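One line per chain: the protein sequences are G and L, in this order. Heads up, the first sequence is in our numbering, so the first residue is 8 and it goes up one at a time. Heads up, the second sequence is in our numbering, so the first residue is 50 and it goes up one at a time.
Treat the hints as calculated values from the structure; they're not laboratory data. The structure presented is a predicted model; accordingly, all values stated were derived computationally and were not measured. It is possible that some hints are incorrect.
Claimed, not checked - With beta-carbon atoms standing in for the labels, derived distance ranges:
# : chain 1 : residue 1 : chain 2 : residue 2 : range
1 : G       : S20       : L       : S115      : 34 to 42 Å
2 : G       : S71       : L       : G105      : 34 to 42 Å
3 : L       : S64       : G       : M87       : 27 to 35 Å
4 : G       : Q32       : L       : D76       : 29 to 37 Å
Claimed, not checked - Some, not all, of what chain L presents toward chain G, calculated at C-beta under 7 Å:
#  : residue
5  : G92
6  : G94
7  : L95
8  : W97
9  : G105
10 : N108
11 : E154
12 : D158
13 : W160
14 : R162
Said to hold, decoys possible - Okay, the calculated bits of chain G under chain L, using three or more residues with CB under 8 Å as the criterion:
#  : region
15 : 28-42
16 : 47-61
17 : 99-107
Using N, Cα and C, we set each Cβ at its ideal position, and we do this for glycine too.
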Amino acid sequence: SYDLTQPPSVSVSPGQTASITCSGQALDDKYVIWYQQKPGQSPVLVIYQDRHRPSGISERISGSNSGNTATLTISGTQTMDEADYYCQAWDDRTVVFGGGTKLTVL
Amino acid sequence: QVQLQESGPGLVKPSGTLSLTCAVSGDSITRGRWWTWVRQPPGKGLQWIGEMSHSGTTNYNPSLESRVVISVDKSTNQLSLKLISVTAADTAVYYCARETTGTTERAFDIWGRGTLVTVSS
Numbered sequence: 008s009y010d011l012t013q014p015p016s017v018s019v020s021p022g023q024t025a026s027i028t029c030s031g032q033a034l035d036d037k038y039v040i041w042y043q044q045k046p047g048q049s050p051v052l053v054i055y056q057d058r059h060r061p062s063g064i065s066e067r068i069s070g071s072n073s074g075n076t077a078t079l080t081i082s083g084t085q086t087m088d089e090a091d092y093y094c095q096a097w098d099d100r101t102v103v104f105g106g107g108t109k110l111t112v113l
Numbered sequence: 050q051v052q053l054q055e056s057g058p059g060l061v062k063p064s065g066t067l068s069l070t071c072a073v074s075g076d077s078i079t080r081g082r083w084w085t086w087v088r089q090p091p092g093k094g095l096q097w098i099g100e101m102s103h104s105g106t107t108n109y110n111p112s113l114e115s116r117v118v119i120s121v122d123k124s125t126n127q128l129s130l131k132l133i134s135v136t137a138a139d140t141a142v143y144y145c146a147r148e149t150t151g152t153t154e155r156a157f158d159i160w161g162r163g164t165l166v167t168v169s170s
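Looking at chain L on its own, in the form it has when it is part of the complex:
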């Protein structure tokens, strides 16, 4: 049974860096899939942040690309997200998710429970 668990600070100061990890169990993060981050501001819709492939290729939301880095730690089977220069607009529940297999137009079939990050001084 594949499970994803997000973790990280729940409070980040404005202009600071948001850092989250996603622990993957029941699957190998390096075994032929893409892994993704999605966020959801309180009371609002889903926003895709970006993805990373098993081989290290990344794609990012153009609106966030200048501030975001997604990486993997093969030794711990974890996915990471870093978002710099945060503002209150970055306050959201952050989800990691596994993508279905395939070369294009993948869906997100397994999601973590999400973690709320609030940007405030």
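Extracted from the complex, chain G is given alone in its bound form:
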């Protein structure tokens, strides 16, 4: 089965840039999707097809995918960005999620 690996936690100071990675074998052969989930809330789609933002998602959020690693980047990080972030990819008609990364802004 295909695995996606994320760091359990990332910390960033307000106003700085946060980078959350998602690793998998030949990941750039797939599209990577990212979700944001705040405590007690449902996940929200923030990036699809590696780098595209849905309508209404902040321009401070961006994505990239190269080699074995996809990266979600949040620039000018704010306290409102504190959340769990999950990457997702498809592997032969099944969905795989990364384990999630808790972003702390402090």
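Guided by the hints, dock chain L onto chain G, whose structure is given.
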């Protein structure tokens, strides 16, 4: 405005069957999209359960495939999930979600609020 609302028993006995429905409003469940179920055990990450297309095709998580059935009720515009032989490990918040259009590598763009199901005697 598309909305999804999960419903069903909040408590299921071990070895029993978990049955949930997802009411879809603002979109037709038979109009060219896939619909999916995802669950999240308390304090843990997301796990994909499976999906169904507008035409009735299903794909399931291999780890759950022997116990799960996803179906749609066109008359009520609802998606359903049945999971048999449940154990405490099936305790989770269960979400239904709409998938983006496209033939491959779809994302989940609209999510329900989720419903907590606890497996306990």
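How the hints compare with the structure:
{"no.": "1", "hint": "G:S20 / L:S115: 34 to 42 Å", "verdict": "violated (48 Å)"}
{"no.": "2", "hint": "G:S71 / L:G105: 34 to 42 Å", "verdict": "holds (37 Å)"}
{"no.": "3", "hint": "L:S64 / G:M87: 27 to 35 Å", "verdict": "violated (44 Å)"}
{"no.": "4", "hint": "G:Q32 / L:D76: 29 to 37 Å", "verdict": "holds (35 Å)"}
{"no.": "5", "hint": "G92", "verdict": "violated (11 Å)"}
{"no.": "6", "hint": "G94", "verdict": "holds (4 Å)"}
{"no.": "7", "hint": "L95", "verdict": "holds (5 Å)"}
{"no.": "8", "hint": "W97", "verdict": "holds (4 Å)"}
{"no.": "9", "hint": "G105", "verdict": "violated (15 Å)"}
{"no.": "10", "hint": "N108", "verdict": "holds (5 Å)"}
{"no.": "11", "hint": "E154", "verdict": "holds (4 Å)"}
{"no.": "12", "hint": "D158", "verdict": "holds (5 Å)"}
{"no.": "13", "hint": "W160", "verdict": "holds (4 Å)"}
{"no.": "14", "hint": "R162", "verdict": "holds (6 Å)"}
{"no.": "15", "hint": "28-42", "verdict": "holds (count 4)"}
{"no.": "16", "hint": "47-61", "verdict": "holds (count 7)"}
{"no.": "17", "hint": "99-107", "verdict": "holds (count 8)"}
Violated hints, in rising order: 1, 3, 5 and 9; the structure is consistent with all others.
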